[in-house]
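Engineer: Letter by letter, the chains look like this.
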Amino acid sequence: MGQQIDVNHLNIYYGDFLAVEDVNINIAANKVTAFIGPSGCGKSTVLCTLDRMHEITPGAHCTGEVLLEGRDLYAKDVDPVAVRRDIGMVFQRPNPFPTMSIRENVLAGVRLNNRKITKSDADDLVEWALRGANLWNEVKDRLGHPGVGLSGGQQQRLCIARAVAVHPTVLLMDEPCSALDPISTLAVEDLIEELKQDYTIVIVTHNMQQAARIADYTAFFNLKAVGQPGHLEYFADTATMFNNPQNEEAERYVSGHFG
Amino acid sequence: MTSTTRTSERHNDALRRANGAMADRLFKGAAYGSGLLILGLLAAVAVFLLMRAWPAVAGPRSATQEVIASFTGGRFDSFVHYVGPLLFGSVLVAALALAIAFFVSIGIAIFISQYAPRRLAAGLNTVVDLLAAIPSVVYGLWGALVLVPATYPFWDWTAQHLGWIPLFAGPAANPPRTVATVALVLAVMILPIITSMTRDVFMQAPWLHQEAALALGATKWETIKLAVLPFGRSGIISASMLGLGRALGETMAVLMILSPGFGYSFNLLEASKDQTIAANIAAQYAEANNLGVSVLIATGLVLFAITFGVNYAARRLTRKATL
Amino acid sequence: MTTIDHGALLDTQHMIPDIDAFKTSRSTAKARARKDQIMRVLFTATFVVATIPLVSLLWTTVANGAKRLNVGFLTHNMTGVIGGNPTVVGGYGGVLHAIIGTLEITLGAMAISIPIGVMCAVYLIEYAKDGRLAKTIRLLVDVMSGIPSIVAGLFALSLFAIVCGPGTFNGVEGSVALALLMLPTVCKSSEEMLRIVPNELREASLALGVTKQRTITKVVLRTALPGIVSGSILAVARVIGETAPLLMTAGYIVSTNVNLFSGQMTTLPVYVYQEYSKLTANCPPNAGASCVTTIPMERAWSAALVLIVIVLVLNLIGRLVAKICSVSTER
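Protein chains in written order, with UniProt numbering: chain R, 1 to 259; chain H, 1 to 323; chain V, 1 to 331.
Derived from the structure by calculation, the hints contain no laboratory data. Glycine included, each C-beta is placed from N, C-alpha and C at the ideal position. Keep in mind that a hint or two might mislead.
[Claimed, not checked] Stretch by stretch, here's where chain H covers chain V in the computed footprint (C-beta under 8 Å, at least three residues): (1) 35 to 49; (2) 124 to 138; (3) 152 to 165; (4) 190 to 197; (5) 242 to 256; (6) 291 to 301; (7) 308 to 314.
[Claimed, not checked] For lysine-lysine, the following DSS-like pairs were computed, each having C-alpha atoms within a straight-line distance of at most 27 Å: (8) H:Lys-28 - V:Lys-129; (9) V:Lys-323 - R:Lys-116; (10) V:Lys-278 - H:Lys-28; (11) V:Lys-218 - V:Lys-323; (12) V:Lys-30 - H:Lys-220; (13) V:Lys-218 - R:Lys-119; (14) H:Lys-220 - V:Lys-35; (15) R:Lys-76 - H:Lys-28; (16) V:Lys-129 - R:Lys-76; (17) R:Lys-140 - R:Lys-196; (18) V:Lys-35 - H:Lys-225; (19) R:Lys-116 - H:Lys-28; (20) H:Lys-28 - V:Lys-35; (21) V:Lys-278 - H:Lys-225; (22) V:Lys-218 - R:Lys-140.
Modelling step: build the complete structure from the supplied sequences, incorporating the hints.
Structural biologist: Okay, here's the thing in structure tokens:
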């Protein structure tokens with residue numbers, strides 16, 4: 001089952017530069033929450049802090065709290081590696097491991113963590129994850145082929161299967177469809193609809209129609225001017241956001257006046 | 001296997017469970033250690049050479065004098081007088097080699113990067129790589145047994161017709177186991193180094209400038225002069241210095257071809273006039289006693305310092321050029 | 001020069017420039033074209049000049065080396081070789097001991113330099129990125145690649161003289177000298193290979209909750225493996241022909257020594273040099289036609305041919321590995 005995330009007074013810095021200011025948001029379990037906003041407003045940055053992936057950028061750090069079912073991910077004794085096992089991530093460009101077959105890609109999370117897994121368990125896991133990613137029927141006859149041989153949309157679903165295979169509770173997606181063609185995008189969107197049964201999903205998207213189609217809640221990030229920190233401008237359920245937003249900037253944005 | 005059982009199982013896992021954190025730290029330590037090792041290695045080279053050379057520097061003067069006298073057949077008995085001609089020989093041979101290789105290398109680099117069709121350029125790159133791959137002992141063998149007899153008529157002609165230039169004062173030695181022949185072999189050996197580096201620089205010359213020059217009606221050569229050579233200047237200089245460094249340290253080819261002597265002589269065509277540090281170490285090493293080895297290592301330390309300086313300057317120049 | 005006169009006119013009298021005067025005259029155009037032709041010929045000639053020594057060297061080595069290169073030459077060492085006479089077992093000695101020595105010493109050098117070089121590259125790319133320490137290390141690696149091979153030999157010699165006492169000759173000593181020469185090449189080529197591993201793969205692995213160490217060993221190094229292997233092979237090809245450092249560290253014997261850690265060891269390049277320095281072999285006055293006075297040179301050429309073949313084959317393998325096994329990281 002998915003878990004909820006509560007973000008309190010989150011400030012994100014790159015070195016001394018304050019990139020995102022004072023974010024407070026409650027992300028509901030087993031729902032799809034979309035982050036939208038103009039370029040450079042920090043929505044991807046906020047997404048990365050939810051599983052501490054921003055820490056791999058030198059100098060990036062943050063203050064405030066990120067609570068996963070009440071446990072602070074930034075507490076002193078928390079290992080970021082363990083956080084990333086609980087919270088999976090799918091990236092903008094599909095990035096299957098080029099040295100691995102489709103099957104090995106799905107098992108990568110388990111294998112790379114040195115966990116022992118029997119062959120039959122592995123078979124089950126591969127089938128389960130690939131079915132979960134709506135990819136099983138397309139690749140079941142060529143599991144041994146390299147993962148990079150698939151089409152872009154298939155690669156992205158393979159990456160989702162790979163993330164799902166380590167059994168996270170939350171899936172973060174950073175513009176997962178921006179590098180895909182419309183048909184593949186549709187397949188991934190359908191998949192997201194299904195995945196929210198089991199996972200909490202947070203998705204960053206540039207595409208407002210996409211947010212309107214798949215998200216239950218939408219958060220609108222904005223920045224006052226270039227060089228100023230980004231901030232969370234307005235957060236509402238998706239219907240309100242796109243039909244009757246109670247925020248002037250958000251209305252201007254969703255109606256296409258800027259960004 | 002359902003996701004729910006797995007999830008509940010994992011709920012018991014505290015987030016802090018540090019699976020592999022120890023391996024993580026060890027690995028980082030190993031990587032860091034290797035980096036530091038490289039850092040310390042050059043210093044270690046200097047320190048160990050110094051330690052081993054110390055008896056010759058600080059030991060009883062008379063013993064050192066005796067050793068040096070035996071090395072030089074009684075001509076010198078002080079270290080400075082001993083290493084001076086060797087240093088002179090090393091620099092002379094290397095500078096000559098560079099002078100020969102410089103223009104040829106740049107010519108090849110321009111030919112590969114500007115004139116040759118793509119197919120041919122690939123073939124030429126292979127030729128250059130092959131030249132670099134051949135072991136120096138084979139160059140020495142070839143130089144001594146093929147080049148030495150083959151070049152005598154040329155050196156003889158040079159001595160007779162250009163003998164009024166002090167450098168080529170005759171008579172030319174026969175067999176010409178001379179500085180001139182050695183420089184020729186070393187030039188062939190450093191050719192690939194200079195060529196491959198300058199070629200890379202010329203390849204990077206911005207095409208826009210060349211296009212602009214061509215559009216103004218410049219000929220190919222004018223374009224190269226205008227838009228390629230100026231761009232590659234610092235690259236050419238640092239490549240030449242790398243080649244110089246290589247030539248300064250080359251041992252086998254010199255050892256196998258040159259007939260050595262302990263003087264300061266510019267007479268390139270005469271044998272038994274000069275010797276280089278590297279070849280001298282290899283030549284004297286087998287017969288040297290313990291103190292003799294110390295003396296030789298002290299000369300090696302001088303060579304190390306010089307090549308270090310030349311290479312350091314070359315690299316600093318490249319770094320600056322690429323930044 | 002008409003153009004300059006015209007420019008002066010232009011300045012003083014403020015006339016509309018006469019464009020025709022700027023036109024290159026037919027003679028200058030011809031001169032320029034001629035110069036262009038000359039330069040083209042010159043550049044082409046430099047290339048021909050460079051191939052002459054290569055062709056001559058390869059040709060003489062093959063022609064002279066083939067004479068004595070046979071199975072016997074590859075399967076015997078130099079024990080029992082006296083003067084120009086054939087040995088009791090037949091043939092005129094061989095390079096078996098030198099090939100074994102070369103292989104062992106080079107393997108030793110690989111065992112030392114490849115782990116350090118690759119780990120140093122890992123440090124530079126994965127941990128240090130562009131810090132000041134990293135910059136210093138990169139500069140020193142570059143400088144180190146210019147150390148003369150004889151200085152590397154002297155270093156190994158001094159090190160072992162201080163640790164094991166003066167006059168020590170053994171295979172490992174040679175390995176240390178060669179490792180010092182290989183290290184910068186291995187480190188630099190590995191660094192290049194790690195640098196081109198896309199960052200997205202590291203992110204993908206880290207996002208799966210994989211530790212940094214496993215990400216590096218199982219994803220980054222695995223992806224860069226063909227490049228690292230090929231770089232290491234090319235580094236080996238470079239040092240396998242080194243002579244001077246081995247002359248003073250590994251020494252020279254006529255029999256086969258398989259113990260890397262004790263006793264002198266002959267290597268192929270040293271063998272070539274030693275045979276060359278013998279110049280000629282003695283033949284007693286009553287010796288028959290089977291006694292060959294020029295045999296040392298013939299052995300030197302044959303050993304040189306073996307050496308060149310080994311070096312070229314290694315080069316070929318290195319390039320093939322890079323080409324065939326390279327992992328496509330494009331999508």
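Engineer: Against this structure, judge whether each hint is valid.
Structural biologist: Hints, verified against the model:
| no. | hint | in the structure |
| --- | --- | --- |
| 1 | 35 to 49 | holds (count 11) |
| 2 | 124 to 138 | holds (count 8) |
| 3 | 152 to 165 | holds (count 8) |
| 4 | 190 to 197 | violated (count 0) |
| 5 | 242 to 256 | holds (count 5) |
| 6 | 291 to 301 | holds (count 3) |
| 7 | 308 to 314 | holds (count 3) |
| 8 | H:Lys-28 - V:Lys-129 | holds (13 Å) |
| 9 | V:Lys-323 - R:Lys-116 | violated (34 Å) |
| 10 | V:Lys-278 - H:Lys-28 | violated (52 Å) |
| 11 | V:Lys-218 - V:Lys-323 | holds (21 Å) |
| 12 | V:Lys-30 - H:Lys-220 | holds (14 Å) |
| 13 | V:Lys-218 - R:Lys-119 | holds (20 Å) |
| 14 | H:Lys-220 - V:Lys-35 | holds (10 Å) |
| 15 | R:Lys-76 - H:Lys-28 | holds (21 Å) |
| 16 | V:Lys-129 - R:Lys-76 | holds (26 Å) |
| 17 | R:Lys-140 - R:Lys-196 | holds (24 Å) |
| 18 | V:Lys-35 - H:Lys-225 | holds (12 Å) |
| 19 | R:Lys-116 - H:Lys-28 | holds (24 Å) |
| 20 | H:Lys-28 - V:Lys-35 | violated (60 Å) |
| 21 | V:Lys-278 - H:Lys-225 | violated (51 Å) |
| 22 | V:Lys-218 - R:Lys-140 | holds (25 Å) |
In the structure shown, a violation is registered for the earlier hints numbered 4, 9, 10, 20, 21, in ascending order.
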